[in-house]
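Residue numbers (my numbering), protein chains in the order written: chain A, 1 to 331; chain B, 332 to 662; chain C, 663 to 993; chain D, 994 to 1324.
Take the hints with a grain of salt, since some may be wrong.
Unchecked claim - Pairs of lysine to aspartate or glutamate, DMTMM-like flavour, derived with a Cα cap of 25 Å: (1) C:LYS918 <-> D:GLU1102; (2) C:LYS686 <-> B:ASP340; (3) B:LYS600 <-> A:ASP210; (4) A:LYS269 <-> A:ASP142; (5) D:LYS1262 <-> C:ASP870; (6) B:LYS587 <-> B:ASP559.
Hints listed in this document are in silico derivations from the structure and should not be mistaken for laboratory results.
There are 4 protein chains.
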Amino acid sequence: MTINSGTLDGYTTGTPIGMVIQNKDARSGKYEPFVTAPRPSHGDYTYSAKFGTRNWGGGGRSSARETVNWVAAGAVAEQVLEQSEHDVRVKAHVNQLHDVEAPDVTFEEMLEHTEETEVRCADPETAAEMRELLEEFQERGDSVGGSIYFEARGVPRGLGAPRFDSFSARLGQAMFSIPATTAVEFGLGRTAASVPGAERNEDWTFEDGDTRPDTVAEEGDPVPVGNDHGGLQGGITTGEPIYGEATWHAPTSIPKEQRTADWETDEEKDVHVVGRHDPSLPPRAVPVVEAMLYVTVLDFMLLDGRINPDRLDDRPGEYDTDYHPSSPRDE
Amino acid sequence: MTINSGTLDGYTTGTPIGMVIQNKDARSGKYEPFVTAPRPSHGDYTYSAKFGTRNWGGGGRSSARETVNWVAAGAVAEQVLEQSEHDVRVKAHVNQLHDVEAPDVTFEEMLEHTEETEVRCADPETAAEMRELLEEFQERGDSVGGSIYFEARGVPRGLGAPRFDSFSARLGQAMFSIPATTAVEFGLGRTAASVPGAERNEDWTFEDGDTRPDTVAEEGDPVPVGNDHGGLQGGITTGEPIYGEATWHAPTSIPKEQRTADWETDEEKDVHVVGRHDPSLPPRAVPVVEAMLYVTVLDFMLLDGRINPDRLDDRPGEYDTDYHPSSPRDE
Amino acid sequence: MTINSGTLDGYTTGTPIGMVIQNKDARSGKYEPFVTAPRPSHGDYTYSAKFGTRNWGGGGRSSARETVNWVAAGAVAEQVLEQSEHDVRVKAHVNQLHDVEAPDVTFEEMLEHTEETEVRCADPETAAEMRELLEEFQERGDSVGGSIYFEARGVPRGLGAPRFDSFSARLGQAMFSIPATTAVEFGLGRTAASVPGAERNEDWTFEDGDTRPDTVAEEGDPVPVGNDHGGLQGGITTGEPIYGEATWHAPTSIPKEQRTADWETDEEKDVHVVGRHDPSLPPRAVPVVEAMLYVTVLDFMLLDGRINPDRLDDRPGEYDTDYHPSSPRDE
Amino acid sequence: MTINSGTLDGYTTGTPIGMVIQNKDARSGKYEPFVTAPRPSHGDYTYSAKFGTRNWGGGGRSSARETVNWVAAGAVAEQVLEQSEHDVRVKAHVNQLHDVEAPDVTFEEMLEHTEETEVRCADPETAAEMRELLEEFQERGDSVGGSIYFEARGVPRGLGAPRFDSFSARLGQAMFSIPATTAVEFGLGRTAASVPGAERNEDWTFEDGDTRPDTVAEEGDPVPVGNDHGGLQGGITTGEPIYGEATWHAPTSIPKEQRTADWETDEEKDVHVVGRHDPSLPPRAVPVVEAMLYVTVLDFMLLDGRINPDRLDDRPGEYDTDYHPSSPRDE
């Protein structure tokens, strides 16, 4: 990876950051059978239908490789948030692969265990089961779907604007941007359909330093007694943890024999997709989900003037030089 | 409702359409107890937290009344689509309220039955059960959650752009903009987590006029053998029906006794929300969901130049006067 | 004018402000001759060419009446700026009508004299000449062009982002949005073509409280010794007054006999535009130019987090109640 | 230059085109004296004021080097337009440097002569004078301002939307985005201030194949008898040539001795800017102006669905393979 612009001596300059990440292990040849014969349920057909052509040698923009850029952006957002006065923390883990479901885990367990295994499930026992499951499906040339639980803590109250720019709407857009997402849920999600109002509604009380250990509310502030609302009321953040789940369908590139229709030869034919394709997406999508959370939270904080580094008080250069070096000679 | 601009003699002029819809039955007084004491799980707290004040007399922008404008916009979009060469049709119905779930219904059944009852469920028997359910909850001062199934047919292939502007991402944003949405699913949705790739993948074949009665593909076109993909592959439309579900939590305004914290008096107190509040949102949200579908589809068609009325071939005024009257004297 | 949303008891609520201003003196009939026979050099032809039809009874969006909304928006922006910690002040005047040019005036003279006469020229003697000029042209059924000088003081340093969102680019867009604008100039404007770098460049010195009475720089800050740069360097504000000029062509609606081509009858014919049309635009455009300045400055300040009302420190409602009333009972 | 994405085998794929252009001759060292001591009238001060730091080694985003990317984008836009059914052609030339002004030239003369000399003036005699002028100023360590005349022909009628997105507003934004622009004029520009309506207004007649050789109007269409309106009425294109002028101030980087204030040492000091700095901007800005025209015209044509390659009629791949190769094997 190279950073071409927007930084100087290890600091950002405030202008757009340009990065290039080279894929050094691309093998386009293996995609040749699919140029005019789309892989089943893949983006091959729709990209050709939209653009009249497509980058068939690896998928171009339809490839999940694209999301490496988002993870880079998320890493920048994370650092900006870390250096702010706010204590925003984000974590996710794989909570279901096919029929293997993880028990509920705490935020701390996610911080500790998610990155320990390749399947990125924060419950070690379930992680082991998931690994077995993936091996089994991979052996028979098949793939599996799954889901991710995500959580953001320390997000200030009041982020999100009425309606089309609500926090829910923009985070929903971000999550559905990730390739192969089929469902996005906030708070109780799908389950909310069967929970009565009297049960889901959460009384307001005054925070006494003990009510909710994970809130941004301080002593004496109104605080809800629970968090079935998932940190969002009226599409705006309450200061409680924002959490939810997203679901990915099984990867479509599988070695198993399938059939397709070649629009050049007008013939139907067999398809075998070989290569290093992942047997499941959620283990790879965890960092992408976290990046989308960091970026969405930071976007809203910038929109609302919540990230406001001490700017120009007296004259250029006279600020906290840890954050705003006026010159490389300061370092 | 008055239309203030953008139309002339019953035709649109192409410039922004301004409408004003007056709420003639607002009663602000009953909201007075909540000015500094937020209703549980409502947007009262977050709006005050964001803006430092709020329109407490009815909710302002946090109220679902706002969506009447969206339905008006959807009605315009629907008419534009109807007059295009494309045969886009949209319909939705309530497929779950609390523990009452409707069986699968066809698109035609939705067209026929959805608007027959106030609960807007297209299965008459289930509709009756839902009405009973709502009465029961309303009697005990409680409310219920539920979900909507939606479908759009005749949407052309190739709508949606790579990633953050994919059809899924923008439709997801639109759906999560609707007040109280907690989950949005496309195609198999949440279920996709447990369906193997070999099972969900759909072979491509050639449409022989019989393969899929609901496709936009014409004879000899590649067409998928099924539609578990919900009309979207790689975030772009395939020409098959787009379908999915969305979930709403139970309305938070309920007569049952609840508790809240008054930040003016620093005291906790009882809350009773009285008035004409709906005991469930999905029956009211069906037209909103349909509007979001119409608007999203039209937006993408305009972006791609798919709606292209015969413009100025020779000189202004010389077009199909049914569509583009050059003058009111033509009418 | 009615305000339909976004305010409560005389305060804004933070959500969009909806206003409706009715034109109570519209007379559409007199435009009938032009339905398919465009007025010379007016927007009649282009609106019909673009949309295939148009609101011929007064011009619709092509009418400068539209700008009354902008002035309303500018009035809101002005009040927000007034209540901020920044001392942003904006003023403009008509400095040329046809061959009558005003001498240079000070900012204070504009504040004092611009609104004294209908021609809105801040030099009383020139204002009298302009009035005579307008009468003369009006008598012979003709109209005149002219220009406006504008100035914004107290605009903080550092507004404007690299390139397409530079302060110059966005203010240029705003000015060219005003109907009939043909030229926009910042600083030396057109004259800059013939001024050598050594003459136009301005050394930096340290502000000693005396260098530039109109700067935002405080004692000890770097400050340029002059302001030929018009408050903008690299497209970003320097803290010195932002000034420039904009030019409007003569109004096209004139009583004098003209010719046009009727695309319905295929015949050429005479045109006489009668009515209350202004003989010159700049006197009416002064408040519009000021509104564009207020709105542009506020937009950039919001983007940069420079307008940051004391938000939610402890809990909703506990702020300066002059600015953020938590409840109407506080008033 | 490398193209990293968005093309395949010499064709665009429809997805974003990513290019990287390396500056192989950067010499950052010479900028060291200015890190905390801004060059007079340059963007040094404002970038530091905005961001708290800046890329001092060459200017970063404030450098006109940035515009090389715009020229690359313009080249893509030009090719798209060339392959459309529209015959859009764009050309510009330097019509003034300091006190040397070029006589009016025709569009054809610009096409023939602009690129013949480094000063990019389409009048050969004036070009020679300009070269002498530049040498003279360069010798004495000074720089000059100047202006460019630009013209776009074949632009279809009806581009531009009401007001803030009018063609004038967006082209004005584009022109003011170019570094050091101080004035932008369309049609009669500044001169329009002194031209009466009766003189500037242009009657409509019917095009008889002879009226205006440079119009897009076809025989029998309404066409204006002149083009003082510069191809824009009501902010929307008329189909006549769009023309105007833009002005650039003299470059600020000059070898002549100047003074500045160092905010690190609190001392004023001498500045000598040495290096390969251009003595005038317009000769370099001609391709940038042309690029802004191409990009603006194409943007509006895309927005209006005027560029509509034959998309997917029957199935992917079955189009004009010159434009839309379905596969690299077709080439």
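Against the structure, the hints come out as follows:
1. For the hint linking LYS918 of chain C to GLU1102 of chain D, the alpha-carbon distance of about 38 Å lies beyond 25 Å, and the restraint is violated.
2. Restraint check for LYS686 of chain C and ASP340 of chain B: the C-alpha separation of about 19 Å stays at or below 25 Å, so the hint holds.
3. In summary, the hint linking LYS600 of chain B to ASP210 of chain A is supported, as the alpha carbons are separated by about 20 Å, within the 25 Å threshold.
4. Of the supplied pair hints, the one linking LYS269 of chain A and ASP142 of chain A holds, its CA atoms being roughly 19 Å apart against a limit of 25 Å.
5. At roughly 16 Å between alpha-carbon atoms, LYS1262 of chain D and ASP870 of chain C fall within 25 Å of each other, so this suggested pair holds.
6. Between LYS587 of chain B and ASP559 of chain B, the direct Cα distance comes to roughly 42 Å. Violation of the 25 Å bound is thereby established for this hinted pair.
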